[in-house]
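So the sequence lines, in the order shown, correspond to chains A and B.
Each residue of the first sequence is one higher than the last, beginning at 1 in my numbering.
Each residue of the second sequence is one higher than the last, beginning at 1 in my numbering.
Note that these hints are calculated values from the structure, not bench results.
In this text, all values refer to a predicted model and were calculated from it rather than measured experimentally.
Quick reminder that beta carbons are idealized off the backbone N, C-alpha and C, glycines included.
What you were told as hints is all true, and nothing was included just to trick you.
Covered stretches of chain A (chain B as the covering partner; in silico rule of three or more C-beta atoms under 8 Å from a C-beta of chain B):
hint: 1; stretch: 77 to 86
hint: 2; stretch: 101 to 108
hint: 3; stretch: 113 to 124
Output of the computed footprint for chain A on chain B, the stretches with three or more beta carbons under 8 Å from beta carbons of chain A:
hint: 4; stretch: 165 to 175
hint: 5; stretch: 193 to 207
hint: 6; stretch: 308 to 320
hint: 7; stretch: 332 to 346
hint: 8; stretch: 357 to 364
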Amino acid sequence: MSVSGPIDVVVVGGYLGAGKTTLVNHLLREGTGRRTLVLVNDFGSVAVDDALVDSRDGDVLTLANGCVCCGMSSPLVEMLVQIRDEGLGGGPELVVVETSGVADPETVARHAMIPGFRRDGVVVVVDAETVRRRAADPIVGRSIERQLRAAELLVLNKVDLVDRATLAAVRDFVAGRAPRAGIVETSRGEVPVALLTGRSSAGKKAERASHASAPVDAGPTGRHDGSDHDAWSWRGGVLDRAGVLDFVEALPEGAVRAKGVLALADAPDRATILQVVGRRHELLAGRAWEGDPPSSRLVVIGLRGSLDGDALDAGIASSVAGPRSRERDREDTTRSRP
Amino acid sequence: MSDTTVYTARKIVTLNPVNPEATAVAVREGRILAVGTLEECAAWGPHAVDRRFEGEVLVPGFVEAHGHTADGMISMLPYVGYHDFPLADGGRAPGVHGYDELTEVLRRADAQLPEGEPLVANSFDPIYFPGEARLSKEHLDRVSTKRQVIVRHASGHLLTVNSVVLREEGIGRDCATPGVPRGADGEPNGELQEGPAMSLAVRAQKKLMALNMDPELVRSHGRLCRNAGVTTSTELLGFMLMAPKLVNAWHAVVDADDFPGRLVLYNAPTLPGRTTDYEAVAEQALTLRERDTPKMRNQGVKLLTDGSIQGWTAVMLWPGYFTGEDQGLLVVTPEELTAQLRAFHRRRLNAHCHCNGNGGVQVFIDAVERVLAEDAWLDHRHVVQHSQTTTQAQYRRMARLGLCANVFTNHAYYWGDQHWTLTMGPERTRGMWACRTALREGVPLSIHSDSGVTPIGQLMTMWCAVNRLSHTGRHLGETEKITPAEALHATTLGAAWQLHMDHEIGSIESGKLADFAVLEKSPLEVDPLAIKDIRVRGTVVGGVPYEAERRR
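Excised from the complex, chain A in its bound form (with noise of 0.2 Å):
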């Protein structure tokens, strides 16, 4: 029921009509190998009672729609809290948050960034058909431009129905658009759900084969063939922060999201844990050791294709920690890459 760490949160924004709630349904019918529950967040901040809270098919919650001038604590706030106190949900490990169609996603995902949860990503769902129009509205524009701004993983849906000239240009206009993100083309809203949760093992067949397996202990290996995406994983002892920063910027361009429980030189009594979402990463503290030797796990996941094993392996390899010190040593813990 209850789980020990903190509870990861995706936050799924897009202009109405993007195709956010396709790709919601795409991903709970995939399922995510974790007890998921899904907020649909209209808009608000004003008090939300029991009586306001509609609960359907046990797994999705929707917020009462609510005011923004009265400075009251946002109702998604208020369910996540009763989420972590009161049991709420039945205790997920996993919550979709799937925002109104004018909302600033990072906004909705600071929300999820208070005790008890774990931002995990910020997708943003785009109509490649209307995205540049919309984006042109005197109005309706900001908002655009603010989603995308916010996008770490950018799903560039309904390519199927433009041409590839339109493509092509849609994909410069909003690679232009959203600094942060990694960019996945798709229609249906059918992306594959490791990229949009950062886990692997995702998806109801890894489910059933076993909870064990969890790729985290696969070692170092190269991509799941056959799989819809690409997947590296490595397992190690002490890093060195600078080479772990450097290694996630060398990233290529398809790896949209890495995962590490890792043990740094420079910070030897507690574990790191590395988040990567697009060009979006951070270092946080993690559990102290406490006996345990340290050890390094880091998971790498990108588009089908992305990745080279090989390439990857040397990259980390530069960064095992060794006699020699590394020249420049970085304090900053989270940073964004421009």
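Once you have looked at the hints, place chain B on chain A.
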């Protein structure tokens, strides 16, 4: 014993053009039987003469067409705002003008609260304390180190809390939530900025939520209305579609004989299930209306397009804000707004839409034009609420489409300086609250206090529209001023029109409900600069007199 009472008055300003002034009004069964001289009223048959208003002036009961019952909260929590604020008992919560006064108000409140209850204070506004260090946990620790102390800032975007809150809510140096600034020692300094961080004050938020649902709030609002001469007020962010179980509790308060006014609710649409099912919500709104009573009605729907100007969250068309960062964002897509409006419009339910920025106005006008072309309900009287920056061109479109404007004129007094120097600049501030333009173009006009945001009181609201002065005395433009007579119309019959109630209230004429404001002087006769200082003696609602409370 007669069923008819004839009230005499020094003067009755009727707003009925065929009979503009009178000295007597006959009341039967809660309604106005006749208006004229005592002789004219007496001619209707047996009656009793009541001379309690002999020395007073009666005007139609004021109608606040954009109010919130949240103003009652000021009477229920310690108030630490800068401007004095009226209380339900007729007194005033004095403004707080420095940190010493703040500490004193909070200490007094602390002494009265039961052990363990969080102390939550409202409306602190540091914009008026230039040169002072920012409010921090150290200030509030001087109030209590045992009890949670939480100060809500007037902007709505910030809380300052004491060390007890930080400790009990687990807000420490490792807190990863954005909006928790640290002091020099690396510990949180007591500020909780914006929604995510403010939500960390879990106990305080729970207390506020409970208060927000408390019918006692409605009772306090009713007393504030009576003291201000308001006989019909509104809750323009009704929760009845989201929490229908509240309806009975509210009716119980408002329908009781001791509740001195009428309350009209415009409910926010909720989404029980899918966001697109506004048709079902509108059906539910029709069902709600079956429980309407003479004193409380669920009259229509409240829609929203954008935020506030002083918060830089209103959506402004080019060139946007004068200074500061443009945070303007629509709170709903134009498509959804149209779907919301369509569902209610089709069912002949009146829509009032919050639009502060002219971009928000634009989206709402477009939606109205669209649904009107689909479904010609010509007498819709949908309202652009706040209408603070509506352009001249937009007023011309509104006139063509039958849209009304309910203008937030109190803003001129409270934030006029900020609009002049920070948000809009001089030219556009002179064109804000464009009451004259509305009247010239033929847009039905009302003006409002947004009670809770500013104090309810139609005399003050009239004063703002007539004089256009900020609280520091800045003149905010001549051309959009209106006359006292026009302002009185806007706060009575004009407001009633927008609620689809002008056939029942808003003027003193035979057949209408006997709702009056009792004033010591006529706002049409005093110096326009003195309108806000006219004393309100009380109200008459449905023929029943309610004396204003005055705390000395």
